[in-house]
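Peer 1: As a plain string of letters, each chain reads:
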Amino acid sequence: MTPTPTLEPNSPLHSEPTSTGGEAIIEIRHVARRYDMGAETIHALRDVSLTIRRNEYVAIMGPSGSGKSTLMNIIGCLDTPSGGDYYFEGELVSKMSDNELAQIRNQQIGFVFQTFNLLARNDAVKNVELPLVYAGVSRQDRHQRAVEALRQVGLEDRMTHKPNELSGGQRQRVAIARALVTRPSIILADEPTGNLDTATGVDIMRLFEDLWRKGNTIILVTHEEDVARNAARIIRVRDGKIESDGPNPNRIQMNTPTAPTTP
Amino acid sequence: MMQFLESIRLAVAALIANKMRGALTTLGVVIGIFFVLLMGWLLTGLDNVLDETLATFGDDILYVDKFNWAGEGDWFENRNRKNITFDQFERVRQRLASAAEYVIPTARANGASVRHGDEELTSAVIFGTTSQYIAMYGGNVKEGRFFSEIEEQSGGFVAVIGANVANSLFPKGDAIGRVVKIQGIPFTIIGVMPKRGSLLADMVDDQLLIPIRRFFGLYGNGIRVVINVKAGGVEHLEDVRYATLGAMREVRSIAPGQRDDFSINTQEQFRKQSDQLRAIVWGVGLVMTGLSLLVGSIGIMNIMFVSVVERTKEIGIRKAIGATRSSVLQQFLVEAILLCLIGTAIGVLLTSGVAYAGAYFAEKYWEIDVLDSTISISQLVLAVVVSLAVGVLAGIIPAFRASRLDPVEALRAE
Ligand SMILES: Nc1ncnc2c1ncn2[C@@H]1O[C@H](COP(=O)(O)OP(=O)(O)OP(=O)(O)O)[C@@H](O)[C@H]1O
Ligand SMILES: [Mg+2]
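Just so you know, the sequences run in chain order D and L. Residue 1 is where the first sequence starts when you use this note's numbering, and the numbers rise one by one after that. Residue 1 is where the second sequence starts when you use this note's numbering, and the numbers rise one by one after that.
Please note: incorrect hints may appear among the correct ones.
The list that follows gives simulated cross-link-like pairs (lysine-lysine, DSSO-like), each with its CA atoms no further than 27 Å apart [said to hold, decoys possible]: (1) Lys126(D) x Lys313(L); (2) Lys82(L) x Lys66(L); (3) Lys195(L) x Lys162(D); (4) Lys195(L) x Lys181(L); (5) Lys66(L) x Lys272(L); (6) Lys172(L) x Lys195(L).
Treat the hints as calculated values from the structure; they're not laboratory data. Computed from a prediction, not measured in an experiment: that's the story for all the values here.
Bound conformation, chain D alone (with noise of 0.2 Å):
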């Protein structure tokens, strides 16, 4: 891999990046993620390495219960591997407080799941302004950023909608725009499209191209062909273990980095 020029993400300069991207920003090293249940350890992840740079555009692919899931938590921040190193941005995990996760979790890293995970009592604009309370941002702008997270997603008209007043797509939306109303670098998809129809998934996997071109670095996990086929770099993950990893042969471009319109 030749080192490229690092760009600040969402640089209006970066229109088409390159499939290897800027500096590591993701290393795991020898990386095991064990769960003792009593008599049994099940191995989740066993010895998994891999390097993620600045700007790639990587899915994660494999069969069920390989460690998908259990991947994208340990890369997101949210668990912590059992053995082996995790170096986010440089910087060794297992050697950060409680806290200085939390920090990354708010401000470098966009989450989204599979069952969108937001919360019933809010509305649009309060569920994405969520991160931003924990950031520490007056009400204000919190306001205003949810309101512009969501026009970047096409739900300027469902901004006081709850979430069961919105359909699946939608609400994905929503969930969409609450990862990037922070502006993270990093944005984690754990089968954003799985509880979707096909034309809805597109429209989702739109989003991510878009993001992606803005300069966003994007790992998304799914067990659909069809959706990995738009990233720039496959993993592949079988038991735990890496199976193949190496830049997508047959990417499609989407070409239509606008918000999408279908409802």
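Starting from the structure of chain D, add chain L with the ligands where the hints point.
Peer 2: Using the frame of chain D, we list chain L with the ligands on its own:
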């Protein structure tokens, strides 16, 4: 700060979502706070009674009697002491003429029959004293006049009646000039005393005051006399007490080294008695308060545990998007405290109602005017502080547990 405001907003939202459950949970706190405030309210009333009582007795007056009024010493032994006689009073007065402002005798007989027409009082107290009595208390009659020195010396058949007696026998307020029969003997009413006592000192309003010589005429010379010695200022009290002690020992012929056969009583002794009463009210109040607050805090702790379990997923979401342990802790702690404060507010309202109604009815039906109709600020502050403490105690463990939840585990919850 920002997060703190947000915590309050969250807590309010969470509580609104579970109105009924929250209301039931706060019941223990409501009762606890109710007891705290009720106790404070009663103690304030008790203090007022004490103040009034002490005012009635005067803070610079010594009461020389064979009995100890605070119940100290052996009551049977005291009872066997010889009564202080009118003659002894006269001799003590001579000896204290320069030391004390007033030295006057009083004698009383309980349960006398007092009649006016068909009306009869059985609980009246006949009180014999001298014309100086009214001056010694620095008071005035409400109507009419007190008996004069001449009436006193001649043992006139005149009476000055207490407020309760006047109310019972002459509800229309036309007592002056009327004749009442005490033990069958007619006395002319020449004055009515103002209402002076309440609760502890209520008996002063049941009295009929008559010249002490007339009193002896009715009841005989052997009746026990109490010598009232007014020092004329609290600062002279100790000197006068010393002088009184010497005079009494001389008059009662007590040899040096022998023990007194009389007691010199002061209002201090009432204070001691009322302090005991205070201690009892406090003790009972504290136990009840403590128990109900304990129950209340266990209830709140319980509901907070339930709340944490129910909202595990929410906690997971919050942690995943950057909530720190302390902000989750704060969120649940604020909720517990808010529950307590709501309970406190209800408790305060409840007690306020009881205080208002209690003071109103006590005044209206029993003429007890010592109860405040409102809760004092200091007690409100106490209640709020107590409820904050209970909120923190009840909320801290559930909140801590919430803050320690593993984000991945929590997100899995349904
Ligand atoms: N908390 C846990 N306790 C015990 N075992 C666990 C736990 N979490 C995950 N596992 C196990 O670890 C393995 C990997 O799980 P993981 O959720 O990462 O799979 P996945 O690749 O995301 O699967 P899917 O595609 O179904 O989401 C599985 O065998 C799973 O049973
Ligand atoms: Mg998974």
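Peer 1: All hints, please: hold or fail.
Peer 2: Going down the list of hints, with the structure as the test:
The hinted pair formed by Lys126(D) and Lys313(L) meets the criterion: a straight-line CA distance of about 17 Å does not exceed 27 Å. Proximity of Lys82(L) to Lys66(L) is assessed by CA-CA distance (about 7 Å); at most 27 Å being required, the pair is judged to hold. The hinted pair formed by Lys195(L) and Lys162(D) fails the criterion: a straight-line CA distance of about 69 Å is larger than 27 Å. As the CA atoms of Lys195(L) and Lys181(L) are separated by approximately 22 Å, the hinted pair is consistent with the 27 Å bound.
Distance hint between Lys66(L) and Lys272(L) is fulfilled; the C-alpha atoms sit about 19 Å from each other, no more than 27 Å. Between Lys172(L) and Lys195(L) the CA atoms are separated by roughly 16 Å; this keeps the pair inside 27 Å, and the hint holds.
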